[in-house]
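**Student:** Protein chains in written order, with this note's numbering: chain D, 1 to 329; chain L, 1 to 385; chain C, 1 to 329.
Rather than coming from a laboratory, the hints here were simulated on the basis of the structure.
Among these hints, one or two may not hold up.
[To be verified] Example chain C residues on the side facing chain D (calculated, C-beta under 8 Å, incomplete):
id	residue
1	His124
2	Val137
3	Gly319
Here a beta-carbon is modelled for each residue, glycine too, at the ideal position from N, C-alpha and C.
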Amino acid sequence: MKASKKIIGTLAIPVITAAVLLILCAASGKSMIANRTGFNYFTLYAAIVMITTMALSINLNSGRFDFSLGAMAVLASVLSAKITYGLLSGGAGSAALMLCLNVVIGALLGLVSGGLYVTLRIPPIITSLGVTLIYEGVTFTITGGKYVMTEVRNASMTAFAGNWYWPALIILAVLAFIIYLFDHTRFGYDYKALQSGQKVAVNTGIREVPNALWCYVICGALMGVVGFLNVARSANINGGSLNFGSIGIMFTAFLPMFIGGYIGRFSNDKVGYLMAALCMSMLNSTFAAFSNEISASTQSIINAVLLVVFLIYLNNEGLLKKILSPRKA
Amino acid sequence: MKKALALILALVMVLTLAACGGSSTDSEAQTPADEGDKTVKIGVLVSDVSGEEALGFRAYYEDYIAKNYNVTFTYTEQLEDAAAEKAAIEKFAAQGYDAILSLAASDRATQIETCEANGLYYAVVSGMLDDAQFEQYKGNEHFVGQIGPSMDTEYEAGYAMGQYFAQQGVKTVGIYGAFIPNPMHVYRTAGVLAGLGCTYGGASDKDGIAGQLFGDQGVDMSKVACGDIQIVGYFQGFGDTTFDELFAIIGQQPDAFLSVGMATTFFADSLNGANIPYSDIDSFTSGNAANMADGTLTYLAGKYSSSIGPIFAATLNAVNGNPIRDAEGNAISISQSYLVATDSATFDSIFNGDKGDSPIFSKDVLDTVIGAVSYDDFVKLVESK
Amino acid sequence: MDNEAILRKYKLRQKLINILPVAALAVLFTILVVTVQAKGYRLDMYLKIVFNEGVVLAVVATGAVFIYTLGSFDISLGASTLFSATMGVMTYNATGSLALMILVIFGAAVGCSLLSSVLASVFHIPVFVTTVAMMSVLSAIAAQIITTNGGAVGGISIPSALVKPLDNMGFKIAALAVFWLVCFFVFSFTKIGRRQKFLGGNPVCAQLTGIQVNKYAIIAFVMAGLGVGLGAFLTLVYTPSVTATTAGSIGMNIVVAIVFGGMPISGGPRSRIYAALVGGFSYILLNNILKLLIDSNIGYGVSQIVSAVFFLAVVYVTGLNYRSQMLPR
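The shape of chain D in the complex, shown without the other chains:
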């Protein structure tokens, strides 16, 4: 593929999305991102979407469905918030310490989840149901079902949320790490081999169990970052989710995952996830600008319709091209 086609293919969807949404906003006398604060939160949301999408896709692309992503993010945040507050009492460096702890605890939670999967050898979707319930239960037990607020409200967290370059830096760091790990290491090659042909890969000597475990650890660490970013965004953690109340976060990542996968054909699927996250964040900012005209219910419907329409295109691309291409005489 030519470089120009790669660039155009990679940027087309975000550019078209931006153009359409900017025109919509301009036509209604609104602005998608009104000021620097708006841009800070645009970047923060893009980071959340991109990293959640990556975490979802790592296991889903290998046929492993994981409902526990949301529960992992919340539990990692609760634990790290409590520890950080215990150590620094909300003082300087709280955000940095909490981020580090979120990553470590998230990775450990991922390890537990993956460990259960490889030990019990029951379908990952079932394991993830059990793990979701367990993590939600632990979170509820620690918080007593209350919001965690005091522990996460401090100048350090406010400074983090108030500067777009911190989330941007996290986006770049995560993107570089994930691209390196999955595209340039032995682990990544094994992952791809297992993804495209599990039986053949195992028969050729690839060790599936450690690879799967690492996938869960990475997922957990990524969701730890997402948990931290969510805390920075909302300045509280809801500790009262029980009975699968935490799985909603996963569904928001479906549309960017498919869009990212499509963009990935022209460059790299991880870059695709970033582009898709930017699209979702632009859409989110536009919804915010139109919040008086578009209710939350309507937003849900628009997101769902976009998902279905995009998938119809994606899964019938060949047919559509055939129909739309000029017939030969």
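Since chain D is already given, all that's left is putting chains L and C on it; use the hints.
**Tutor:** Chains L and C alone, transformed into the frame defined by chain D:
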């Protein structure tokens, strides 16, 4: 063969379960507890286990009332829907409870009917039935009554908040409608708009504005017309776009940010940081004390934790055979107003006056209405605080 | 040990594992009875409560077995139940006709199911993603209708006297028994069930033998729709009102119920029509037992943890016969 055996076993189990359950008849209802040393068992239905107000209420019942009276409180988990509420009541009935206090509102009509069917006394805590529903159930023997802000009170709370800022001379405001179409938030928002001197779709009265807000599922800014005050932004709910909407408003540096609920939980940090005066209808908690003392919270209308004391007293009376009924023999219905603080001193006096072992509705106060007491005396006490 | 002894031992183990879900139901039932008796509570009432809590889940999950047998996964059934009940209430309030209300409930339920099925089979969209989109759309539409019409009460309802005569064990047992027997017949004694198991077990092979995937997928979704319709009606019989959160927990509990009942999530020949009935009631019994044994607010978190561990243990043991060398997906 083995499949058939498994099937038969499963069916027998389920049918036994059903058949045993089916043998219960409504006539086997609980009898009122005898007066005396018997511990009165009260089940509490809750739909919010996390909010500051809910936690304050719970602490008052469990840590103060339960220690001072021969009574136990059992809280449900977070009840998500009407079926969960009904099942919770039935479980309390099966466990021999005497009464139900309800802080859950998915289907209060079914709650009352279920309590009646199971012989449990029932009261609405810190809230009110819709007028038509109250008319329907007020004569019900097991319906003790309701004490809390009525929809009129909610409207008035919003109105007072709007009026306060209008009188302060604000020119630009942002508004958070919390969880519209939750009825109390609808009425509060209607009140805020009216208090600011705005009309909505041409209406300036409670029912005119609230009716349209229900239909619009929120505030349609194109229908808002205000005098001198400009509403720079409005949003509601809590989702992915919430903080974008908040910061779109903060970016315009309004003179005040008016919230009809939950702002102190969700946005206190951001508003304090942006140095924008804000208001909320919430509760008198230590967090809000700090927001008022060190932050920019300038107006708080709230309930105090022990405001749910009188409805407990009325329920205890009913269980002990001293029901309080009005002149027509109907259940209690008393609207309770919010207390308002606009400075730290007032806030602290309310907050400190209703803490731990010295609540506003203390044992001494409640004892004056426990036992045989007239409806008028009871109303007088509730309205005195 | 000779081969025959090994075979005998294997068969015995297989038999024990196969009856484990039913045995678990029996054990849980016994524990509930003993616990309720020991605590001096009213057993007759408790059993009625458990039946009421389990019947809607059992009905909807029994219909869903047809979808799961195909190896598909439908997460929208809770939202469909809410949507159908909402449409039913709106119909009754507009027409005053109970018959029309029932017709609309079943029509809406089957319609939603068919829409998912058509989207998935005609446009080749993954079933799970289709149902995620359907879940968002149906919940949003139902919420919009409920909140617009609910006014100050916050929900919509039909007169309780209308369905009160049906709120008894006799009617509910009959409804459950009739629906279950119809499903049992279709699943076990017609080619529909056999072919669906074949499709779930080996779709490529099944298609090569001439089995039409779309036809059997549509039948599966229609059966699930009927279950949803009956579930929505039984929901209204128990509580004649609908709020935006009605039936919110059913969606995920269906998966738990089916797996708890001993059916593999991958469907295929090991699918069992009784799994939903057994698993649904087992799960409800387990939750009730734990709530009886573990008091206090924090206890809800702990009881969810214990419930999840028990769930994973049962699934682990019931899957012992089907371990492969590779990790399951």
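**Student:** Evaluate each hint against the coordinates.
**Tutor:** Hints, one by one, checked against the model:
no. : hint   : in the structure
1   : His124 : holds (4 Å)
2   : Val137 : holds (5 Å)
3   : Gly319 : holds (5 Å)
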